[in-house]
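A.B. asks: The residues making up each chain are set out below.
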Amino acid sequence: MTQIVRDYFEKNGMGLGIFLLVAVGFWVIILIVLPQLSMLDFSFRHHLPPPEMGGPKDTYTIEHYKYLVLGAPGADTSYNVVDLGVFGRTLIAALFVTILDLVLCYPLAYYLGQSKGGGFVRVLVLLLIIPYWINEILRAFAFRIIFGESGLINEVLLTIGLIGNPIDFIRANVALYAGLGYAYILLMIFPIYNVIESLDRNQIEAARDMGAPWWRIHWRVVIPYAKPGISSGCTMVFMLSAGALAAPQILGGPSSLWFTQIIYQWFNQGGNWPRGAAFAIVLLVTCIIIVLSMMRLFKVKIGDIGK
Amino acid sequence: MSTGVDVNLENVWIRFGEFVAVREANVNIKGGEFFSFLGPSGCGKTTILRAVSGFLEPSEGQVKIGGRDMAGIGPNKRPTALIFQNLALFPLMKVWENITFSLEVQGVGKADRRKRADELLDMIALPDQGDKLPSELSGGQKQRVAIARALCAEPDVLLLDEPLSALDLKLRQHMRTELREIQQRVGITFIYITHDQGEALTMSDNVAVMRAGIIDQIADGQAIYDDPATPFVASFVGENNVFRGKVKSIDGDMALIDTNRSGALLSRMASSAKGTLSVGDDAMMFVRPEACNIATDTTPANNRLTARVVNEEFEGQIYNVFLEGSEGKEIKMSLVNVGQHRLSAKGSDLTLEYSPEQAVALPAGDLASE
Amino acid sequence: MRSDNYLLKFFLIAYLIVFFGYLLGPLIVMSVTAFNSPGFPRMTPWECLTFEWFDVLAKDDRIIEGIKNSFIIGIGTVILSVVMGLAGALVLTQIWPKLRATYYTIVIAPILIPGVVLGISTLVFWDRINIMLGFTSESLFNNGIFLTILGQSTFIASYCMLVFIARLQRFDTDLTEAALDLGATNVQAFRKITLPFMKPAIGSAAVLAFLASFENYNTTTFTFGKFPTLTIELAQKVRYGINPSISALAFIIIVLTLIGALAYEIYRRRQQLALANGAPVAAVSGGSFQLPKIFRGNPAAVIMVLLALGGFSTIWFAQSYSPAQCKVDVRTQKQIIQQQRIQEIRQQRLEQQQQKSRQGPDIFGGKKTAPATGTVPQSPGKGSFGNIFAPKNLEKTGPKGEKTD
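Residue numbers (the numbering used here), protein chains in the order written: chain A, 1 to 307; chain B, 1001 to 1370; chain C, 2001 to 2405.
What the hints contain is simulated information worked out from the structure, not anything from laboratory work.
A quick note: this is a predicted structure, and the numbers were derived from the prediction, not measured.
Glycine included, every Cβ here is placed at the ideal spot set by N, Cα and C.
Check each hint, because a few of them may be wrong.
Heads up, incomplete: computed chain C residues facing chain B, CB under 10 Å, no partners named [unchecked claim]:
1) Glu2177
2) Ala2179
3) Gly2183
4) Ala2184
5) Gln2188
6) Lys2192
7) Ile2193
8) Phe2197
9) Lys2199
10) Gly2203
11) Glu2344
Pairwise CB distance ranges, derived in the manner of DEER restraints [unchecked claim]:
12) Val2305(C) to Asp1118(B): 43 to 49 Å
13) Val2255(C) to Val121(A): 23 to 29 Å
14) Phe96(A) to Val2305(C): 43 to 49 Å
15) Val1310(B) to Ser198(A): 45 to 51 Å
Please build the complete structure, drawing on both the sequences and the hints.
C.D. replies: Encoded structure:
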């Protein structure tokens, strides 16, 4: 063991060695691990005003978790239908957005990956990246303008005469899904694009040679090869959708409360930090479980997730 | 320039976990010598080089430079300079900055360094290339820059890790002579590792032949070639025909080997075999292709054998005749071209002779693999 | 088969149009609304070309304050993230192989953890420390800038690390050994050999870190304390007080981004051209007149110059143009329409009254009247909807309860 320490300092020298240890140590321990543990611990504590923390009332409790599942004591339903419902809907919506993005982006990623490069492709890629340098708030805002009751789409439809009354896109959550889908297109395209780029064109030529129709080529040749990219993209989009805050706040209708918004409320108006922490832990654990099972399901290793 | 400094490896073992990379190495290199480690890939020669330069510590034994034990002394503090196989020139620095890097880390000022760089550039015959980047130089030029960079550090020992392996044939031959010249001019100890025996033999004062971590023999080129210590050395260095058999009798320096079907053959015993080879032992006899000749009527029976001609090759200076011996093994005979025409028909039998003093007999052992 | 090909091509083009329409459409719409005079950003109907919203933007103190905070936090995050990311990448190359996967997972995790969780955990953790150490709520550990920098750096360092790992993979480790062999200490070898090699990666990581920090919302929204960033301010405005000054800001950002992208493209093109050192320039500058050197083969530069020219002329135009007249015209137009409406309705009422008096007495006032409109009409010709200032529209998103600006 000490041999390892000695080798390390021999290899890096005293100054550099200490610097590396301090920097990485600070990052891993103080910024990554401890805050999560602290939040976990906090979620098990009572909601107390600061003077009372550390005092006799500061014991451990699972009341916040109980609240999430069972609701407030004395409520009329035996389960916390509202919050659980929101939680479930958030996950389903995230799933929907992921699938939407996948279907939307796959063709373009394929086209970019298989093309021979050159000016046109570079321009496309540039066009793809530019919207992402715009702040996500502004992007959501743009969708608000377009989908609003007096927004562009409604105006166009009304003038054409397709509809008689404006469609409340916002209430119908269409705006939200469009906005969320929009937000993560880049994250879905690039992993798939990268993987497909490394696919040998000859394989596709060979399949076509053997008479396979285009859909079968994709089904049997391209998609299995692109699996790491696809699952990497889906994982990121799902995680980011489930954890999104800005888009639901700006584009969500009254019926599409997002779980993250509930957490936000507990930290702001609700003022019940431990409860917010508990909900956040639930979100975190769920995301981790889903990511791990996705990785296991599609046999993707952690090393594949890197742009 | 420093004068030659001795390098000694005393009982050096180098292990990586379970794997033994270098086994009980004992090497004494005199100051000012051009010393080579010769062997196939993976034999441990690079490991020894790294141990001498300080990137490795031996698991057992000592590495001494100039009589000082180098244990615990890092590569930047040892009086050695290493020329890497891929040269490792700093790509973002100009040629002159590369050369004087060792001065830069000592804090020498820019003007002084520039002056020194110009001197060295003159010495390696690249007078105006100082401001170029390494990527703009040819292979041979990069080689010379690497040498200049190492020499600028004024080491006591210069270590070279297969420096010529990436060059084409003509350049390689040219660099061989050049390296030897530089070494003799500068006078410091060179330790050179290679798998090319032509290089080792032409350039070195002494050669250590290695295989699988073991040093089979340390001697000068001629001894390695004419008086190999083990069957491995005999078969690795140059080409050699092998005959197996049992020792029938020993008379002074000569041994009579009873081969299966070629009869009893007479051969000199290798120096290392004197005293260890006894009657009845399994032995191998080695005869170089150039030691063979077509038999005459006066050839004694003990140094003649008959074989079937398989092929004949005309190489210009040399005629190579490939025969199949009675055990089915290939025998190669090389004759100097004295204007003779076709020697024999394919498939016919040919009797050849060899000089017993040029042959060498050793206890049976592992040969170099093909 | 040929028809198949055409069909496929057609679909491909249609798909591309739809896709990029989806991608770029919102931006274009937003930009247009920045110049339209109505108080709520809209593209149609077009009322008056105006630059006043840019003025409003410039005078908005909170936005300015937000920009300032974003910059400070951005710089702090860049420094911390680049340093940690670099250290992380270097350690990865040296770590014991068995530990490597675990280590990698831990340092990549912040990318996968939802931003809100990072924000919350940072907030909670430092709050606890604050209390444990007995500091007041004014201390460093409660400071919004401190917390935001830490929270953002946690995951931005991971992105930086990925950039560095990619660059390090191409690094020849023999180079550091050669440096050591020539007498350099480890620190010297690092400074003179490794760092210069990493410089381009450090540059791109820094830019990446700054951009990521600037636009971060999920994490920052929990940690900003008393120092809201531009993004936070934007979010507040978008949810509670929309006016086209936001569109104006968006337009500025879009233009800046375009300029940035073009500048980058120019830089890259010049690099490429420099590499093709002796390549015949004639092939590129075909045409009747020779463009100056920077433009040869560099369409991006040409576009840039055109944009600059366009930009300057627009700004000059904007200074002298006043939409006041246009607004007055529009207002008068609307008033006229209103008057007509009122006339029509009076007509109707009269007719109905007459009808009624024919039919007999009935309860009066049961008929609907036209919706009351003020003398400053904000809505377009169709008046029955689009009344965005109605309470229900303001409350659409966000937590329950009114929050004023």
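A.B. asks: Could you run down the list of hints and mark each one as holding or not?
C.D. replies: The hints, checked one at a time:
no.: 1; hint: Glu2177; verdict: holds, 6 Å
no.: 2; hint: Ala2179; verdict: holds, 7 Å
no.: 3; hint: Gly2183; verdict: holds, 5 Å
no.: 4; hint: Ala2184; verdict: holds, 4 Å
no.: 5; hint: Gln2188; verdict: holds, 5 Å
no.: 6; hint: Lys2192; verdict: holds, 7 Å
no.: 7; hint: Ile2193; verdict: holds, 6 Å
no.: 8; hint: Phe2197; verdict: holds, 7 Å
no.: 9; hint: Lys2199; verdict: holds, 9 Å
no.: 10; hint: Gly2203; verdict: violated, 15 Å
no.: 11; hint: Glu2344; verdict: violated, 81 Å
no.: 12; hint: Val2305(C) to Asp1118(B): 43 to 49 Å; verdict: holds, 46 Å
no.: 13; hint: Val2255(C) to Val121(A): 23 to 29 Å; verdict: holds, 25 Å
no.: 14; hint: Phe96(A) to Val2305(C): 43 to 49 Å; verdict: holds, 45 Å
no.: 15; hint: Val1310(B) to Ser198(A): 45 to 51 Å; verdict: holds, 50 Å
The structure does not agree with the numbered hints 10 and 11 stated previously, though it agrees with the rest.
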